[in-house]
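**Student:** So the protein sequences, as listed, match chains A and B. So for the first sequence, my numbering puts the first residue at 1; every next one is plus one. So for the second sequence, my numbering puts the first residue at 1; every next one is plus one.
Rather than coming from a laboratory, the hints here were simulated on the basis of the structure. All C-beta atoms, glycine included, are put in the ideal place defined by N, C-alpha and C. Mixed in with the good hints there might be a few duds.
Simulated coverage check for chain B against chain A, where a stretch passes if three residues somewhere in it have a Cβ under 8 Å from a Cβ of chain A [said to hold, decoys possible]:
#1 130-138
#2 222-236
Below, computed lysine-lysine pairings styled on DSBU-like, alpha-carbon distance capped at 35 Å [unchecked claim]:
#3 B:Lys-32 - A:Lys-196
#4 B:Lys-71 - B:Lys-49
#5 B:Lys-175 - B:Lys-161
#6 B:Lys-161 - B:Lys-107
#7 B:Lys-49 - A:Lys-8
#8 A:Lys-356 - B:Lys-237
#9 B:Lys-238 - A:Lys-356
#10 A:Lys-193 - A:Lys-260
#11 B:Lys-48 - B:Lys-127
#12 B:Lys-107 - A:Lys-350
#13 A:Lys-6 - B:Lys-127
#14 A:Lys-278 - A:Lys-174
#15 A:Lys-196 - B:Lys-107
#16 A:Lys-79 - B:Lys-107
Pulled a few chain A residues facing chain B out of the computed Cβ check, cut under 7 Å [stated by the list, open to error]:
#17 Lys-8
#18 Lys-15
#19 Cys-42
#20 Phe-45
#21 Arg-98
#22 Leu-302
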Amino acid sequence: MSIEEKLKILADSAKYDASCSSSGSKRENNNGLGNASYSGICHSFSSDGRCISLLKILMTNCCIFDCKYCINRKSNEVKRALFTPEEICQITINFYQRNYIEGLFLSSGIIKSSDYTMNKLIETITLLRCKYHFNGYIHVKAIPGASNYLLKKLGSLVDRMSANIELPTNNALKLLAPDKNQDKVTNIMQFIKENKSKNFVNAGQSSQMIIGATNESDLNIMQMSTNLYNQYHLKRVFYSAYIPVNKDRFLPSLKMPPLKREHRLYQADWLIRYYHYKINDLLDDNHPNFDILLDPKTSWALRNLNQFPLEVNKASYNDLLKVPGIGPTSAKKIISNRKYYTLEYNDLKKLGVILKRAKYFILCNGKYFTNNNYFNLNFIKNNLLLEDNIDKKVQLCLFNE
Amino acid sequence: MNDFDVYLYDGSFNNLLNTIEILIKEKIKPIKIVSEECLENDLFSNIKKKTLSIDNYFAKYLKNISNDFFKIVYDVYLSDNQNKELIMYYFILNGLKYGSKVIYLRKLKCVNEALNISSYVRRESHKLKGFVRFRKLETNFFLAFISPTNNVIGYLSNHFKKRLSNESWMIYDLKRDLLSIYTKNKFMIIKVKDLEKNNFKFSSDELEFANLWNIFYKTIAIKQRTNKRCQMNFMPKKYWPYMIEMRDLVEKSY
Chain A
1 MSIEEKLKIL
11 ADSAKYDASC
21 SSSGSKRENN
31 NGLGNASYSG
41 ICHSFSSDGR
51 CISLLKILMT
61 NCCIFDCKYC
71 INRKSNEVKR
81 ALFTPEEICQ
91 ITINFYQRNY
101 IEGLFLSSGI
111 IKSSDYTMNK
121 LIETITLLRC
131 KYHFNGYIHV
141 KAIPGASNYL
151 LKKLGSLVDR
161 MSANIELPTN
171 NALKLLAPDK
181 NQDKVTNIMQ
191 FIKENKSKNF
201 VNAGQSSQMI
211 IGATNESDLN
221 IMQMSTNLYN
231 QYHLKRVFYS
241 AYIPVNKDRF
251 LPSLKMPPLK
261 REHRLYQADW
271 LIRYYHYKIN
281 DLLDDNHPNF
291 DILLDPKTSW
301 ALRNLNQFPL
311 EVNKASYNDL
321 LKVPGIGPTS
331 AKKIISNRKY
341 YTLEYNDLKK
351 LGVILKRAKY
361 FILCNGKYFT
371 NNNYFNLNFI
381 KNNLLLEDNI
391 DKKVQLCLFN
401 E
Chain B
1 MNDFDVYLYD
11 GSFNNLLNTI
21 EILIKEKIKP
31 IKIVSEECLE
41 NDLFSNIKKK
51 TLSIDNYFAK
61 YLKNISNDFF
71 KIVYDVYLSD
81 NQNKELIMYY
91 FILNGLKYGS
101 KVIYLRKLKC
111 VNEALNISSY
121 VRRESHKLKG
131 FVRFRKLETN
141 FFLAFISPTN
151 NVIGYLSNHF
161 KKRLSNESWM
171 IYDLKRDLLS
181 IYTKNKFMII
191 KVKDLEKNNF
201 KFSSDELEFA
211 NLWNIFYKTI
221 AIKQRTNKRC
231 QMNFMPKKYW
241 PYMIEMRDLV
251 EKSY
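Full structure from sequences and hints, please.
**Tutor:** As structure tokens, then:
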């Protein structure tokens with residue numbers, strides 16, 4: 001099989017992994033090739049709008065598992081391929097020298113056994129690090145069920161190691177991935193958390209969940225991801241809208257992947273990590289799913305209108321963060337600027353505040369942007385929905401072109 | 001002073017700083033400061049050049065105000081903004097007046113503009129760290145063409161100096177005829193006009209890896225998620241001619 005054909009098969013099988021981040025590592029160039037960039041660098045953007053930062057491939061798409069949602073399950077009749085360690089190194093090095101990529105993201109189907117596959121991965125990465133002196137970013141997938149000493153070895157070679165939790169509950173996992181169980185995955189996470197250091201998975205670990213393949217609510221999903229953040233100190237949880245690749249009676253038949261829902265989950269994820277929200281602020285048993293029309297932060301603000309309007313010249317940093325249209329960057333700018341002068345509406349725009357959202361929730365120098373009587377739920381909600389819909393119409397035209 | 005006075009500098013950062021220093025000392029509010037390269041002859045302007053000291057005392061003085069402040073001044077110099085010299089003049093004037101807190105005074109128009117320009121320059125430099133595409137030459141040199149809006153070749157060279165420290169490489173800015181050459185731990189940026197762009201001979205495996213990259217690029221996209229607008233937002237079309245994977249989609253490419 002030609003190298004082109006192998007690359008086609010093994011990149012195609014790897015593309016459903018959402019993670020492509022290359023940030024968080026401080027690895028330096030030690031008289032070899034490459035270094036890591038702490039902020040991460042995107043090298044290209046594919047036609048689906050996702051960033052391409054790493055050479056994302058499988059070592060092999062052969063697999064002894066039979067997960068229902070996976071294109072590479074053993075019961076599928078697809079072309080199988082296997083990269084040798086030398087081939088992976090050649091492609092990585094040559095791509096890296098030409099600045100196509102920031103590093104390598106290597107995952108694999110499971111051949112023979114977990115430990116055997118793990119050993120193959122270690123062989124590849126060792127070759128890359130020690131023979132080719134590659135100091136760029138490397139992300140590997142840990143193989144569920146692999147022995148701890150192998151995890152230790154692989155982790156000491158890479159910047160990020162991760163294991164995918166795949167589904168938000170153990171029952172869903174049992175249904176769709178009979179060979180996996182959550183304990184195997186969380187054991188890996190626990191091990192990585194306990195061993196993390198400058199020389200072991202220095203950019204931390206991440207995980208991924210498929211959204212919409214089973215009937216969990218957004219609340220279930222957020223509970224799982226919050227649990228992962230708190231218990232295993234994950235850097236990121238990725239949400240991947242389910243895309244039907246197999247037909248199976250256990251799987252839903254969708255025409256379009258639930259992209260909007262995925263987007264809302266990411267927004268909520270950010271609110272929890274960077275805006276100090278708790279899940280219960282955003283969702284509860286009576287409202288277990290996010291509003292598709294309004295983003296979670298705006299929905300929260302509308303439910304808690306009694307906390308608004310806020311005076312931007314006085315509100316604390318944490319309070320400013322709760323205003324739709326103000327994020328960490330603009331909140332910090334507000335704080336640093338208002339020390340020296342009183343902010344007016346015009347100034348807020350310069351500070352990066354999205355006024356078309358924020359104006360409903362703030363006072364500037366004691367003034368509301370319009371007559372005070374308009375500060376009520378109906379007026380604000382209708383206007384926000386209207387503005388979003390105007391935007392959407394423009395988007396639709398663009399797509400049709 | 002009259003409205004037709006045009007102050008000329010030689011295009012370098014130090015020369016511009018010195019010009020501004022003298023204008024400030026002489027309490028002249030310039031209407032136009034322009035580099036020799038961008039000078040257009042017209043009958044009414046009265047071209048003036050300030051004779052200057054060569055020491056960089058003023059630069060050191062500005063650095064003392066704060067490092068962040070000085071970096072922003074430098075970014076404005078690198079930008080392609082039409083009014084950058086005047087924005088710099090007023091930004092420095094305010095820096096001298098208010099000290100390090102000047103960068104928090106967005107209410108002032110020149111401060112706001114300088115900060116916006118600076119973040120634009122840094123954003124473009126960061127983007128290009130990813131979008132630059134090297135090609136391997138017969139001589140094992142790696143060569144890349146760029147044509148950025150702002151003059152970011154210095155930032156890029158510093159980045160690749162660390163990253164590709166054991167390689168030899170060149171980056172050529174087609175818009176400014178600037179060539180950055182790196183070998184053996186040092187890079188130099190020089191003006192090179194009339195570079196023969198099509199006379200380079202590529203290494204024998206260049207086509208193979210460019211082809212593999214194209215295959216990878218096409219394969220990695222998920223069809224059901226196609227979103228060209230999102231792609232274009234992150235990767236504006238102006239960079240496409242220099243990116244191997246986008247070449248078939250644009251007419252003019254290098």
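**Student:** Each of the hints needs a verdict: does it hold here or not?
**Tutor:** Verification of the supplied hints:
1. 130-138: holds (count 7)
2. 222-236: Check passed, 13 qualifying residues.
3. B:Lys-32 - A:Lys-196: Not OK: Lys-32 (chain B) and Lys-196 (chain A) at ~57 Å, beyond 35 Å, violated.
4. B:Lys-71 - B:Lys-49: holds, 26 Å
5. B:Lys-175 - B:Lys-161: holds, 22 Å
6. B:Lys-161 - B:Lys-107: This hinted pair is violated, its Cα atoms lying about 39 Å apart.
7. B:Lys-49 - A:Lys-8: violated, 62 Å
8. A:Lys-356 - B:Lys-237: OK: Lys-356 (chain A) and Lys-237 (chain B) at ~28 Å, within 35 Å.
9. B:Lys-238 - A:Lys-356: Given that 35 Å is the threshold and the Cα spacing comes to 30 Å, the pair holds.
10. A:Lys-193 - A:Lys-260: Answer holds: Lys-193 (chain A) to Lys-260 (chain A) is near 32 Å, not above 35 Å.
11. B:Lys-48 - B:Lys-127: Outside the cut-off at roughly 38 Å; violated.
12. B:Lys-107 - A:Lys-350: Holds, at roughly 8 Å.
13. A:Lys-6 - B:Lys-127: holds, 30 Å
14. A:Lys-278 - A:Lys-174: holds, 29 Å
15. A:Lys-196 - B:Lys-107: violated, 45 Å
16. A:Lys-79 - B:Lys-107: Violated, because 62 Å separates the two Cα atoms, which is more than 35 Å.
17. Lys-8: holds, 5 Å
18. Lys-15: holds, 5 Å
19. Cys-42: holds, 5 Å
20. Phe-45: Constraint on Phe-45 (chain A) satisfied, holds at 4 Å.
21. Arg-98: holds, 5 Å
22. Leu-302: violated, 27 Å
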